[in-house]
Structures are given as C-alpha cells and as structure tokens.
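Chemist: Listed here are the chains, written in short residue letters.
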Amino acid sequence: MSTDMNILIVDDFSTMRRIIKNLLHDLGYQNVSEADDGNTALPLLRSGKFDFLITDWNMPGMHGLELLRQVRSDPNLAKLPVLMLTAEAKREQIIEAVQAGVDGYVIKPFTAVTLKEKIDKILAARAGG
Amino acid sequence: MDALAHQSRSIEPALARLAHAYGARDDAAFDAALAELLSRRVEPGTSVPAATLERLRRITLDLQGALERFSVDSRWADHARQEIPDARARLEEVLRLTEAAAHRTLDLIERSGPLLARAAASAGAVRARLRADDCPPAAELDALLEHSVRDMDDVRGNLAEALLAQEYQDLTGQIIRRVIDLVREWEQGLGALWRLGGGTPDRLRPNAGEDPRGSGPTVPGVNDAGRLHAQRDVDDLLSDLGV
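Read top to bottom, the protein sequences are chains V and Z.
Position in the first sequence (first residue = 1) + 4 = the working numbering.
Position in the second sequence (first residue = 1) + 23 = the working numbering.
I should point out that these hints are in silico values taken from the structure, not numbers from a laboratory.
Yeah, the Cβ is synthetic: ideal placement off N, Cα and C, and Gly gets one too.
Each hint should be verified, as a subset may be incorrect.
[As the list claims (entries may be wrong)] With beta-carbon atoms standing in for the labels, derived distance ranges:
#1 V:80 to Z:170: 26 to 34 Å
#2 V:7 to Z:210: 46 to 54 Å
#3 Z:141 to V:115: 44 to 52 Å
#4 Z:123 to V:31: 25 to 33 Å
#5 Z:123 to V:100: 53 to 61 Å
#6 V:103 to Z:101: 45 to 53 Å
#7 Z:101 to V:121: 24 to 32 Å
[Claimed, not checked] Which residues of chain V face chain Z? A partial, calculated answer using Cβ under 8 Å:
#8 22
#9 36
#10 47
#11 51
#12 53
#13 54
#14 92
#15 94
#16 97
#17 99
#18 102
#19 110
#20 114
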C-alpha cells in the first residue's frame with residue numbers, strides 16, 4: 005500500500021489528532037481523516053473508505069479496545085490494519101490488545117521515528133502475508 | 024433483701040480474689056478481680072451491668088459531640104456549595120488553556136513549515152543554476168534573497184510566539200496547586216469522618232478495580248505498577264506474542 009492510502013485517526017484530543025496528522029503528512033500520507041471516539045469512527049470505517057486505522061485507547065464513548073473488537077468482528081473490516089497509539093502501558097492491556105487483534109502498539113509519548121517504523125512494519129507484514 | 028443476699032454471695036469469690044491479690048501485692052490479679060466486680064455491678068432498677076451502660080453513655084456523648092462539630096463546621100458547607108464547583112471550573116479552565124496553547128503552537132509550526140520549504144527550494148534552485156554556470160541576473164537574485172529574508176523573519180516571529188504560547192504553564196500550574204490544596208483538605212476531612220465511623224487507614228485504600236477505558240498516562244507512585252515505560256519494552260512483549 006502506498007502513501008495515498010486513506011488513514012483514520014481516532015483520538016478524543018483534537019491536539020493529538022493534529023500532531024499525528026502533521027507527522028503523517030511529513031511521512032507523505034496526505035489522505036488523513038479524524039474521529040473523536042469509537043462511536044464516530046465506526047460509521048466512517050463502515051463506509052469502506054479507509055485502509056488504515058490509528059486509534060487511542062482511553063476515550064469517552066466507545067474506547068479504543070472496543071473499537072478494535074468491533075472492527076475485527078465486522079467481516080468487511082476484519083482485515084483492516086490497526087495501530088494502537090495510547091498512554092495505556094500495562095502489560096495486561098497490551099496482551100489484551102494483541103488478543104483482540106491489534107497489528108501494532110505505540111505508547112505515548114512517542115516519536116515520529118517510532119510512528120513511521122510501526123506503520124512501515126505493519127504494511128510490510130500485510131504485503132508479505 | 025433476698026436479691027441483695029444473692030448478689031453478695033455471687034461476688035464473694037471475686038472479693039476473696041481481690042483481698043488475696045491485695046495482700047500478695049499482685050497488681051495484675053488485683054486489677055482483674057476489681058474489673059470482674061465492677062462488671063457485676065448492676066444499674067439500680069435494671070438488669071443491665073453498670074459498666075455497659077457507662078460505655079454506652081460515653082459512645083453516645085462522643086458521637087453527639089462529633090456530629091455537632093461536623094454540622095457546625097461551615098467549611099463542609101462551603102466545600103459543597105462553593106469550592107467543589109470552583110475546583111471543577113478551575114480544572115476545566117486548565118483543560119481550555121492547555122488546549123488553546125497547544126493549538127496556537129501547532130498553528131505557528133504549520134505556518135512556518137511552508138515558509139522554510141519555500142526558502143529552501145529557492146536557495147536550492149539558485150545553487151543548481153550556479154553549478155550549471157547559469158548565474159541568475161542580479162535583479163532576480165535580489166528579489167529571491169528579499170523573499171527569503173522575509174520568510175526567515177516570519178519564521179523567527181513564529182518561533183518567538185510559540186515560545187510565548189508556553190506561558191500557559193505558569194497559569195495552569197497555579198490553578199492546579201489550588202485544587203491540590205483543596206483535595207488535601209477534603210482528604211483530611213473525609214479521613215476524620217471515616218475514622219469516626221470506625222474505619223481504619225487500611226480500609227481507606229481505594230478499590231483498584233480495572234476500568235476497561237484504561238487508567239490514563241503513567242503517574243509515578245500512583246499507577247506505575249506493572250506498566251512498561253519504554254517503547255522498546257512494548258516491542259519486546261509484542262515480539263514474544265508474535266506481533
């Protein structure tokens with residue numbers, strides 16, 4: 005998948021969405037949309053427009069882990085690459101996210117290099133798999 | 024008379040132990056015998072031991088005093104009426120200030136990026152032409168340098184503004200300190216109330232139930248147990264899990 009893929013960022017803080025969006029732009033990804041929690045993200049994802057999901061965990065409304073579960077249980081979205089970008093850093097939580105089918109996990113605070121590495125790794129695994 | 028005779032007979036062994044302990048200078052035995060005798064004393068007109076009634080009286084007085092102190096302590100009324108809503112408003116203001124400062128900083132960064140890109144592109148183009156022995160005319164060079172100087176001045180101005188945007192930390196720091204003081208006061212008041220009800224410090228510990236929404240960023244000494252602190256550790260765990 006190239007840099008023209010459609011990415012959805014889900015985070016309840018508009019500043020964090022903006023930071024991620026800027027970093028993605030710098031990495032060459034121009035088609036970036038935003039949602040502020042799982043409830044607003046899910047209808048957007050079900051439109052079938054998106055190729056990649058980056059989501060926070062701790063959000064009001066539908067939290068990130070539930071969004072991940074909903075995505076994996078939807079036959080049309082089940083294979084969507086999902087990167088969790090969150091301050092939740094408990095070992096059990098990361099295991100829980102992996103069990104729910106997350107493709108990558110980045111803890112905040114994070115760097116642009118880490119974000120790029122994880123996106124590249126997920127895309128490479130998808131291309132290889 | 025019969026009742027009195029019965030009561031006297033029933034305390035005879037304890038009286039004997041008291042006398043013996045006194046004679047033997049045995050303080051422990053003396054105290055035990057005395058306590059036994061006092062516990063047998065029955066409040067006149069009732070069948071309730073006088074010691075029990077005395078304890079009840081003391082508890083009632085303590086409770087009454089505590090409740091009076093609590094109800095006349097206007098600080099609690101102030102907390103409920105004014106300070107708790109104030110603390111909420113203060114924290115909302117912190118949220119607003121930090122969000123506004125972050126957006127202002129992001130605006131300035133986003134505005135500076137294209138200016139730097141344009142200056143770099145112009146300089147690169149001139150350099151390429153110079154290397155190809157195609158020196159631009161002086162007027163063209165002058166115009167280009169003039170644009171670059173203007174762009175750099177704008178970027179410098181943006182950086183100075185971004186620096187100023189960080190002043191929010193001073194304001195939010197002061198607001199948060201006020202809220203910390205209030206929370207400390209509530210903690211002490213609630214702790215006192217809890218102890219009045221027979222609670223022990225151990226039982227004051229919050230129930231650490233897991234919230235599926237998560238527990239937020241790591242705060243040292245609060246929720247850092249069992250947390251991974253570096254992305255490297257997360258990567259190792261993911262690798263172990265086959266991700």
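Chemist: Against this structure, judge whether each hint is valid.
Modeler: For each hint, the structure was consulted:
no.	hint	verdict
1	V:80 to Z:170: 26 to 34 Å	violated, 50 Å
2	V:7 to Z:210: 46 to 54 Å	holds, 52 Å
3	Z:141 to V:115: 44 to 52 Å	violated, 27 Å
4	Z:123 to V:31: 25 to 33 Å	holds, 27 Å
5	Z:123 to V:100: 53 to 61 Å	violated, 35 Å
6	V:103 to Z:101: 45 to 53 Å	holds, 49 Å
7	Z:101 to V:121: 24 to 32 Å	violated, 54 Å
8	22	holds, 5 Å
9	36	violated, 14 Å
10	47	violated, 21 Å
11	51	violated, 26 Å
12	53	violated, 25 Å
13	54	violated, 21 Å
14	92	holds, 4 Å
15	94	holds, 5 Å
16	97	holds, 7 Å
17	99	holds, 7 Å
18	102	holds, 5 Å
19	110	holds, 7 Å
20	114	holds, 7 Å
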